[in-house]
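We have chain A; now place chain B onto it with these hints.
Chains A and B, in that order, are what the protein sequence lines are.
Take the first sequence: its position 161, counting from 1, is numbered 161 in this note's numbering, and each next residue is one higher.
Take the second sequence: its position 337, counting from 1, is numbered 337 in this note's numbering, and each next residue is one higher.
Do not take every clue at face value.
Stretch by stretch, here's where chain A covers chain B in the computed footprint (C-beta under 8 Å, at least three residues) [stated by the list, open to error]:
#1 190-202
#2 394-402
DSBU-like mimics (lysine-lysine), calculated; alpha carbons at most 30 Å apart, straight line [unchecked claim]:
#3 B:K286 / A:K430
#4 A:K322 / B:K156
#5 B:K300 / B:K286
#6 B:K86 / A:K64
#7 B:K417 / B:K224
#8 B:K287 / B:K156
#9 B:K417 / B:K430
#10 B:K300 / A:K403
#11 A:K284 / A:K319
#12 A:K64 / A:K319
#13 B:K156 / A:K319
#14 B:K430 / B:K250
#15 B:K364 / B:K430
#16 A:K188 / A:K392
#17 B:K388 / A:K319
#18 B:K79 / B:K153
#19 B:K151 / A:K322
#20 A:K322 / B:K417
#21 A:K64 / B:K300
#22 B:K151 / A:K319
#23 B:K286 / B:K224
#24 A:K319 / B:K417
#25 A:K64 / B:K224
#26 B:K224 / B:K287
#27 B:K430 / B:K459
#28 B:K151 / B:K250
#29 A:K403 / B:K86
#30 B:K153 / A:K322
Calculated from the structure, these hints are not laboratory results.
By construction, the Cβ of each residue, glycine as well, lies at the ideal position given by its N, Cα and C atoms.
Given next are the chains, with one letter for each unit.
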Amino acid sequence: MMSGTSYCPNTPEEIREMLASIGVASVDDLFRPIPAGLRARSFDLPEGMSEFEMLRHFQALAGKNAQHLTSFVGGGFYDHLIPTVVDHLSGRAEFYTAYTPYQPECSQGTLQALFEYQTAICRLTGMEVSNASLYDGGTALAEAALMALRVTGRSRLVIDGAVNPLHREIVRTYLSGLDVELVEIGPKLGMEDDARLRAAIDDATAAVIVQNPNFFGSVSDFRRLAEEAHAAGALLVVSAYPVALGLVESPGAMGADIVVGDGQSLGNPLSFGGPSFGFIATRKGYIRNLPGRIIGETVDREGRRGFVLTLQAREQHIKRHKATSNICSNQSLCALRGLIFLSALGREGFAELARLNYDKAEYAKSVLGGLSGVEVMNGSATFNEFTLCLRKNADEVVAGLLKRGVAAGVPLGPYYPDMGNCLVVTVTEKRTREEIDTFARQLEGVLWS
Amino acid sequence: MELIYEQSRSGRRGVRLPASDVPAAAGLPAALARSEAALLPEVSELDVVRHFTNLSRQNFSVDTHFYPLGSCTMKYNAKAIEEAAKLFAPFHPMVPLLPGGSSFSQGCLGLAHELGSALAEITGMDEVTTQPLAGAHGEMTGIMLIAAYHKAKGNKKRYVVVPDSSHGTNPASAAMVGYEIITVPTAPYGDMDLDRYREVMTDEVAAVMMTCPNTLGLFNPHIKEICDIAHDHDALMYYDGANLNAILGKVRPGDVGFDVIHVNLHKTFGTPHGGGGPGSGPVGVKKQLVPFLPDPRIVKHDDGSYAVDTAHHRASIGRTAGFFGNFGVMARAFAYITMLGRQGLIEVSEQAVLNANYVMSRLKDVYDLPYDQTCMHECVFSAGRQVKNGVHAIDIAKFLIDRGYHPPTVYFPLIVKEAIMIEPTETESKETLDAFITVMREAAELAEKEPAAFAEMPKTMPVTRLDETRAAREQNVSYFGC
Numbered sequence: 001m002m003s004g005t006s007y008c009p010n011t012p013e014e015i016r017e018m019l020a021s022i023g024v025a026s027v028d029d030l031f032r033p034i035p036a037g038l039r040a041r042s043f044d045l046p047e048g049m050s051e052f053e054m055l056r057h058f059q060a061l062a063g064k065n066a067q068h069l070t071s072f073v074g075g076g077f078y079d080h081l082i083p084t085v086v087d088h089l090s091g092r093a094e095f096y097t098a099y100t101p102y103q104p105e106c107s108q109g110t111l112q113a114l115f116e117y118q119t120a121i122c123r124l125t126g127m128e129v130s131n132a133s134l135y136d137g138g139t140a141l142a143e144a145a146l147m148a149l150r151v152t153g154r155s156r157l158v159i160d161g162a163v164n165p166l167h168r169e170i171v172r173t174y175l176s177g178l179d180v181e182l183v184e185i186g187p188k189l190g191m192e193d194d195a196r197l198r199a200a201i202d203d204a205t206a207a208v209i210v211q212n213p214n215f216f217g218s219v220s221d222f223r224r225l226a227e228e229a230h231a232a233g234a235l236l237v238v239s240a241y242p243v244a245l246g247l248v249e250s251p252g253a254m255g256a257d258i259v260v261g262d263g264q265s266l267g268n269p270l271s272f273g274g275p276s277f278g279f280i281a282t283r284k285g286y287i288r289n290l291p292g293r294i295i296g297e298t299v300d301r302e303g304r305r306g307f308v309l310t311l312q313a314r315e316q317h318i319k320r321h322k323a324t325s326n327i328c329s330n331q332s333l334c335a336l337r338g339l340i341f342l343s344a345l346g347r348e349g350f351a352e353l354a355r356l357n358y359d360k361a362e363y364a365k366s367v368l369g370g371l372s373g374v375e376v377m378n379g380s381a382t383f384n385e386f387t388l389c390l391r392k393n394a395d396e397v398v399a400g401l402l403k404r405g406v407a408a409g410v411p412l413g414p415y416y417p418d419m420g421n422c423l424v425v426t427v428t429e430k431r432t433r434e435e436i437d438t439f440a441r442q443l444e445g446v447l448w449s
Numbered sequence: 001m002e003l004i005y006e007q008s009r010s011g012r013r014g015v016r017l018p019a020s021d022v023p024a025a026a027g028l029p030a031a032l033a034r035s036e037a038a039l040l041p042e043v044s045e046l047d048v049v050r051h052f053t054n055l056s057r058q059n060f061s062v063d064t065h066f067y068p069l070g071s072c073t074m075k076y077n078a079k080a081i082e083e084a085a086k087l088f089a090p091f092h093p094m095v096p097l098l099p100g101g102s103s104f105s106q107g108c109l110g111l112a113h114e115l116g117s118a119l120a121e122i123t124g125m126d127e128v129t130t131q132p133l134a135g136a137h138g139e140m141t142g143i144m145l146i147a148a149y150h151k152a153k154g155n156k157k158r159y160v161v162v163p164d165s166s167h168g169t170n171p172a173s174a175a176m177v178g179y180e181i182i183t184v185p186t187a188p189y190g191d192m193d194l195d196r197y198r199e200v201m202t203d204e205v206a207a208v209m210m211t212c213p214n215t216l217g218l219f220n221p222h223i224k225e226i227c228d229i230a231h232d233h234d235a236l237m238y239y240d241g242a243n244l245n246a247i248l249g250k251v252r253p254g255d256v257g258f259d260v261i262h263v264n265l266h267k268t269f270g271t272p273h274g275g276g277g278p279g280s281g282p283v284g285v286k287k288q289l290v291p292f293l294p295d296p297r298i299v300k301h302d303d304g305s306y307a308v309d310t311a312h313h314r315a316s317i318g319r320t321a322g323f324f325g326n327f328g329v330m331a332r333a334f335a336y337i338t339m340l341g342r343q344g345l346i347e348v349s350e351q352a353v354l355n356a357n358y359v360m361s362r363l364k365d366v367y368d369l370p371y372d373q374t375c376m377h378e379c380v381f382s383a384g385r386q387v388k389n390g391v392h393a394i395d396i397a398k399f400l401i402d403r404g405y406h407p408p409t410v411y412f413p414l415i416v417k418e419a420i421m422i423e424p425t426e427t428e429s430k431e432t433l434d435a436f437i438t439v440m441r442e443a444a445e446l447a448e449k450e451p452a453a454f455a456e457m458p459k460t461m462p463v464t465r466l467d468e469t470r471a472a473r474e475q476n477v478s479y480f481g482c
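The following block holds chain A by itself, in its conformation from the complex (with noise of 0.2 Å):
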């Protein structure tokens, strides 16, 4: 017996009958197109194994991460409540075994839903126009620096070194072969005064970007700055973090042009840093220069409505090197499973789980600001990080307290050398008081031991 697991079908029987009606005599006949010399010199892997030694093999792997850390972790990814539904509904194999929605008339669950999380994006974030989803908030952030550049025909971008550094990265890594200046204005902790990045808006530059909450977990207005980029011929790109939009004025309320955030946080589980997706949403003026496949709305011959990929002309399968982005695949079924999250909790259970994330991480904020070695450095309202500054090396702390089976946070020394000190910590709906009041005496002991 074969060991492995095989999903070809296939008899010998009917393997020798569609030789026949082909002609030839074997199936090594079918790879003779490919010269002798070309052939593969090694293919060393392991034999295959059925499903229920795979899933135990995977268990085994599975179980050798930490099982138990309570996680105050947050840095772009975050540990929220997924309601049931919503793995029921997205794994629905209609969507999830189903393609890229090119037939229209075969895809309308998917389309629809799509234009339907389109809507959600567009009212989340007070925008008009949304994709249908990117891969993940960097890259967003990337395409948002992108299309600011091709909106204004300009080639300067200013970004606020408060913007998380692992989304400032990729940026960085996308703008590397283009003729782009990108300034970095570094942060100030404590100081959430956007001084120094609306001195840095010139006629030159196509947008300025910024966090809100940023990385620290200061929550900022950012009209004046809005006002003043407009005022220069420049766009506001805001990348915002979508539970926080429950509570927190959206980014198009403020003046934001382009707004980007990482949808993780709303239906998808931690995964190790995805599958998530970016979303992105603009003004209708800008509709054209977005990137990636967008949904509208139509009507059939008889007059019904329904949904279709529209504007495609944009996209690469079409403009190919004159694309607005070389994306193709998306991320929908993520995208898909935030649609579901949004309409689970509803309007009022969405601003329900914002606040809860706002009150949780007040109180912890209050009693860890309590603590003698440890100052809140934020200098403005946060909404479910905030930024600590302690007695010790943050590293050290963040180490022995991963010892005691607690994630503390994010300590910002190896993003920003003179802040060695500074933890970000992050406090969702998931973590208790309890946990809360453990963590604070083990940092306690942390620091004074």
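Using the frame of chain A, we list chain B on its own:
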């Protein structure tokens, strides 16, 4: 169907959250607080369940319909791989980046690293990064690696060469990195025109991007020569892995002379397409490109443990995505590779190629076959004969929908007029193919006898043909255009 927003009733609630166990804090300052709650649906949990269940029933999918969509490799998505991926759902990607954190993530790091090793062996490459999140993202990453290589050597390069049969992502990805594109036409025998290729190759060419077998489903017998010519100009060879399903265990791009490859885990390695994503596009490279790979890298120590190398490598192109790739997709693909193993993967290609040639042999008397030769995993017909009666490839596609088949890819590759591109994949049985062949032959017959009948198709779907011009003109992409 009604939109979820149209089912909304003010005050209706869905899923409830846990009660708060902390004091209510003072709110945000007025300037920062949202002035009006976002207009999300106000529906019950059952409303949500019915709505999305009924929406799903308006889709064709691999689990419900044969889906011979060329260039997309719509094979069966094993259910066991879904269970495998769920085992890794709770793990946070920042943990191994924390000081001392990698020992808490050995399972995830190990999986990513071992997947990379398996892909390196399958493709004949020296090292693999799993960071790219889709095929096109892998292409962009690969071209950035090539740009970094040339920059380090002081090479002055301006162009990337692609054949005209290439996927649109190839030139689009090269353009993202700042290169100009040179397109080489296809010769009458179905491969890139070698004479024209030699003409365009200069020392200013940075890379040549090839899909092999190409989008006509043909294996280019001159591929080695094409690689050699490129290397003579210190141009690197990029392998678009979209069609890797045809050659598993048969050919390794690295052995042939390719320097960079991306692999579409959602095509070749059986992970579901999700209605358009998520995909995953790991990139494999030869030794000379290893120093430029994206940060951070997962490394294996001599003691068998894994770690994240967070050092900023001077030569690295930097970070191309948030963390270590679309990990959930990677876990599914690794589960697939683990189950099939060496022999299973070879069987994949053999049966995929057999199925494609079988369909080709049974349809070429009724549809034009512009490149009539043994194909690999897919074959490309033209509806040219049917067009004479006014029946186009799109009409045949709509006919197929009414008969319960997802249509093949139509109008791609662009170099075949009225293209009908069929990729059956290895997971379909002869009975399924025979039934499809019968229906395709019926379409050809109907095109002869009653071509006007196609105009009204499809008739059996929730909607008939949709007005795409109107969608593009009105640009209504959000309910009530909020």
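Hints versus structure:
1. Proximity of the segment 190-202 of chain B to chain A, defined as three or more residues with a beta carbon under 8 Å from a beta carbon of that chain, is not established by the 0 residues found.
2. Only residues whose C-beta sits within less than 8 Å of a C-beta in chain A count toward coverage, and the segment 394-402 of chain B has 3 of them, enough to reach three; the restraint holds.
3. Of the supplied pair hints, the one linking K286 of chain B and K430 of chain A is violated, its CA atoms being roughly 45 Å apart against a limit of 30 Å.
4. Distance restraint check for K322 of chain A and K156 of chain B: the Cα-Cα separation of roughly 23 Å lies within the 30 Å cut-off, and the hinted pair is therefore satisfied.
5. Of the pairs offered as hints, the one joining K300 of chain B and K286 of chain B holds, with about 18 Å between alpha carbons and a cut-off of 30 Å not exceeded.
6. Straight-line distance between C-alpha atoms of K86 of chain B and K64 of chain A comes to about 15 Å, which keeps the hinted pair within the 30 Å bound.
7. For a cut-off of 30 Å, the pair hint linking K417 of chain B to K224 of chain B stands: about 29 Å separates their Cα positions.
8. About 21 Å separates the Cα atoms of K287 of chain B and K156 of chain B, which keeps this hinted pair within 30 Å; it holds.
9. Our distance criterion of 30 Å between C-alpha atoms is met by K417 of chain B and K430 of chain B, whose separation comes to about 29 Å.
10. Among the hinted pairs, K300 of chain B with K403 of chain A is consistent with the structure: their alpha-carbon atoms are about 22 Å apart, no more than 30 Å.
11. Straight-line distance between C-alpha atoms of K284 of chain A and K319 of chain A comes to about 21 Å, which keeps the hinted pair within the 30 Å bound.
12. Of the supplied pair hints, the one linking K64 of chain A and K319 of chain A is violated, its CA atoms being roughly 47 Å apart against a limit of 30 Å.
13. Between the alpha carbons of K156 of chain B and K319 of chain A the distance comes to roughly 27 Å, so the proposed pair stays at or under 30 Å and holds.
14. Between K430 of chain B and K250 of chain B the alpha-carbon distance is near 23 Å, which keeps this suggested pair within the 30 Å criterion.
15. Distance hint between K364 of chain B and K430 of chain B is fulfilled; the C-alpha atoms sit about 17 Å from each other, no more than 30 Å.
16. Between K188 of chain A and K392 of chain A, the direct Cα distance comes to roughly 20 Å. Compliance with the 30 Å bound is thereby established for this hinted pair.
17. With a C-alpha separation of about 28 Å, the suggested pairing of K388 of chain B with K319 of chain A holds against the 30 Å cut-off.
18. The straight-line distance between the Cα atoms of K79 of chain B and K153 of chain B is roughly 47 Å, outside the 30 Å bound, and the hint therefore fails.
19. Proposed proximity of K151 of chain B and K322 of chain A is supported: the alpha carbons are some 24 Å apart, at most 30 Å.
20. Distance hint between K322 of chain A and K417 of chain B is fulfilled; the C-alpha atoms sit about 22 Å from each other, no more than 30 Å.
21. Proposed proximity of K64 of chain A and K300 of chain B is supported: the alpha carbons are some 15 Å apart, at most 30 Å.
22. A C-alpha spacing of about 28 Å is found between K151 of chain B and K319 of chain A, which places the hinted pair at or below 30 Å, so the restraint holds.
23. Distance check on the hinted pair: K286 of chain B and K224 of chain B sit about 16 Å apart at the alpha-carbon level, within 30 Å; holds.
24. Note on K319 of chain A and K417 of chain B: the hinted pairing holds, with a Cα-Cα distance of about 18 Å set against a maximum of 30 Å.
25. About 44 Å separates the Cα atoms of K64 of chain A and K224 of chain B, which puts this hinted pair outside 30 Å; it is violated.
26. At most 30 Å may separate the alpha-carbon atoms for a hinted pair to count; K224 of chain B and K287 of chain B meet this at roughly 19 Å.
27. The suggested pairing of K430 of chain B with K459 of chain B holds, with an alpha-carbon distance near 28 Å, which does not exceed 30 Å.
28. For the hint pairing K151 of chain B with K250 of chain B, the CA-to-CA distance comes to about 34 Å; that exceeds 30 Å, so the pair is violated.
29. Straight-line distance between C-alpha atoms of K403 of chain A and K86 of chain B comes to about 26 Å, which keeps the hinted pair within the 30 Å bound.
30. Between K153 of chain B and K322 of chain A the CA atoms are separated by roughly 29 Å; this keeps the pair inside 30 Å, and the hint holds.
The structure fails to meet hints 1, 3, 12, 18, 25 and 28 from the earlier list, while all remaining hints are met.
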